[in-house]
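Engineer: Please work from the sequences and hints to get the whole structure.
Next come the chains, spelled out residue by residue.
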Amino acid sequence: MAVPGRIPWGVPTVSSRAADARESEFAQLFEEFSAPIYNYVLRMVSDPDRAADITQDTFIKAYRKLDTVTESTSTRSWLYRIATNTAIDDMRRRRNVTVMSDDEPTFANRADHRPGPEAQVMAATLDERVQRALMSLRANHRQCLLLSDLEDMSAQQIGEVMGLSYGAVRTLLCRARGEMRRALGAEGFAR
Amino acid sequence: MNMNRHEPFEELISASLHGDLTPDERGRLDAHLDTCEQCRSTLASFSDQRRIVAGLRHLAPPRDLGARVRTGIEGGSTAGLPWWRRPTALFGGLGGALAVVGGAILAVVLLNGTPNGPEVGNASPSPSAAVVPSTTPQPTLPPQGSPPASEAPTAAPSVDASPSEPSIAASPEPDVFLALTGSFDNLALTVRDGRSGETSDELETPAGEPIAAALSPDGQWLAYITVNGLSGFNQVHAIRLADVPDQGPFIDSPVAVGSTVLLGNTIAGGPFLEQMSWSSEGRYLAYTLADPGGAGTDAWVFSPSDGEPHQVTNVGNAYAGSARPPRQPRATSSRFRTLRRTSPLVIRPTLALARLTTSSSRWSAPTTRSSSIGPGPWSSSGTSGTSARQAPRGLPRT
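Protein sequences appear in the order of chains E and V. Oh and the first sequence: position 40 is 40 in this note's numbering, straight run, nothing missing. Oh and the second sequence: position 279 is 1279 in this note's numbering, straight run, nothing missing.
If you are wondering where the hints come from, they were derived from the structure by calculation, not from laboratory data. Hints may contain errors.
Stretches of chain E that chain V covers, calculated by requiring three or more beta carbons in the stretch to come under 8 Å of a beta carbon on chain V [to be verified]:
| no. | segment |
| --- | --- |
| 1 | 30-41 |
| 2 | 147-155 |
| 3 | 175-184 |
All values derive from a computational prediction rather than experimental measurement. Ideal Cβ placement from N, Cα and C applies to all residues, glycine included.
Structural biologist: This is the structure:
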């Protein structure tokens, strides 16, 4: 009879403090950043399933590249960069298989998958309207804006994530804000 | 024209929102704002916008994200392996093969109206055939000089196959097959060599088809799960295939070669209940049993060294995710460590990565709910005991 009892654990044959430290470091990384990364990606792609997949891929990649993180590297920027690139890859793949035009989605040409008008009114929370406005932005504008306003990153940090210079980030961010201002206006936000 | 005049200041306004202005830029912007109504409006608009975006609802990631990441990391080590050695190939190939044999059996029964009709092997050259890869690939990686797929037989001989020995269709070759053959009232489950298709072991006649299998890295053991008829339960088994390991250390076992150990009954369910993971040297098999009595799921391990299944958790909501090589012991007085969630709705991400740590080995056990470890000699840290059952599950060795 199989009785819960002492398991005959063997003598460890693979003992690696480095490996143990790596596991610990990764677990800490996951604990700290999994939720923020998921939310960042979710706002990027506006699809919980895709966001989960991208977040999953992000952390798998991070685990494999954990050795490349040095003390001088900002772990947060590094992780967000992986997430951003993974999300961009995902969006590119999907754009390649879509029948729609090569333009970025806009309110005018974006397919409306929303439910009927009544349901929309009922469900159109503030959050959804903001999300719709975000999704109308160009991808790089959306990233920039989210990193700045949602993740509260400085231009320097955004530059590390997006691979842009400090000046380029400021310019991009300004354009993103202008675009978002118009998008929010279209969603009924004043100003 | 008007835009051109304000554009530089809009960039300064944007940058000012997160404090990215030099003192000089700040001075210029302040001076301009004093005189420009439009830029004051822009500042107000950008500030509102930042507040709105920052206030977006924060959603909890999926509960199984940690388990998925862990599975991906573990599975990712098979990236360099050919498809037939990857676990997914096993399940996919086995499922497809079972669908074929199931369809063939059904066709035979329906067309002939008698269970004594021709054997499935005659009706179809492709009875159940399953690739059985190792989940810990490094010990089983084929040598560089191994023959390419083109040189290997892509299918077992079918021309001279006898009715009782139907050919096994598979390409390229796996290490071993699990082959379910025969008519529905005369099923036979055999282990066959991946290259030759020859039967190496005959397993006990199962009540249903096999649905998952895992070959130990040293090639000595094959764990597999079969459907237990129409009962809604599955059975987990392990058969000892060899007494000498292909590679790695020799792990002796009281179980004779060719003998099968029944590792337990489990409710048929999701993929986690069909996942079995060997540790890197084949010392332990981690698997999950869902108590047919309704007491939930718990992680178990099978140890070839004593030939017995052992219940690791007794909490009703634990899953065995993977087996990992032994590591340095942690400085903890508890032999197992896990976490519990802090609220009924929020799952802390670390929970999914909760690991059961022993003084010499570590088993990851992704859980979907609060977990505490017990009973017996194990203790939990940071948790309070919950739902410990009195009677352990498991079945005697057969």
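Engineer: Using C-beta distances, would you say chain V covers the segment 175-184 of chain E, given that this needs three or more residues below 8 Å?
Structural biologist: With 5 residues in contact (Cβ-Cβ under 8 Å with chain V), the coverage given for the segment 175-184 of chain E holds.
Engineer: Closer than 8 Å Cβ to Cβ for three or more residues is the test here. Does the segment 147-155 of chain E pass it with chain V?
Structural biologist: Since 7 is at least three, the answer is holds.
Engineer: The segment 30-41 of chain E covered by chain V? Criterion: 3 or more residues, Cβ-Cβ distance below 8 Å.
Structural biologist: holds (count 6)
When each numbered hint is compared with the structure, no violation occurs for any of them.
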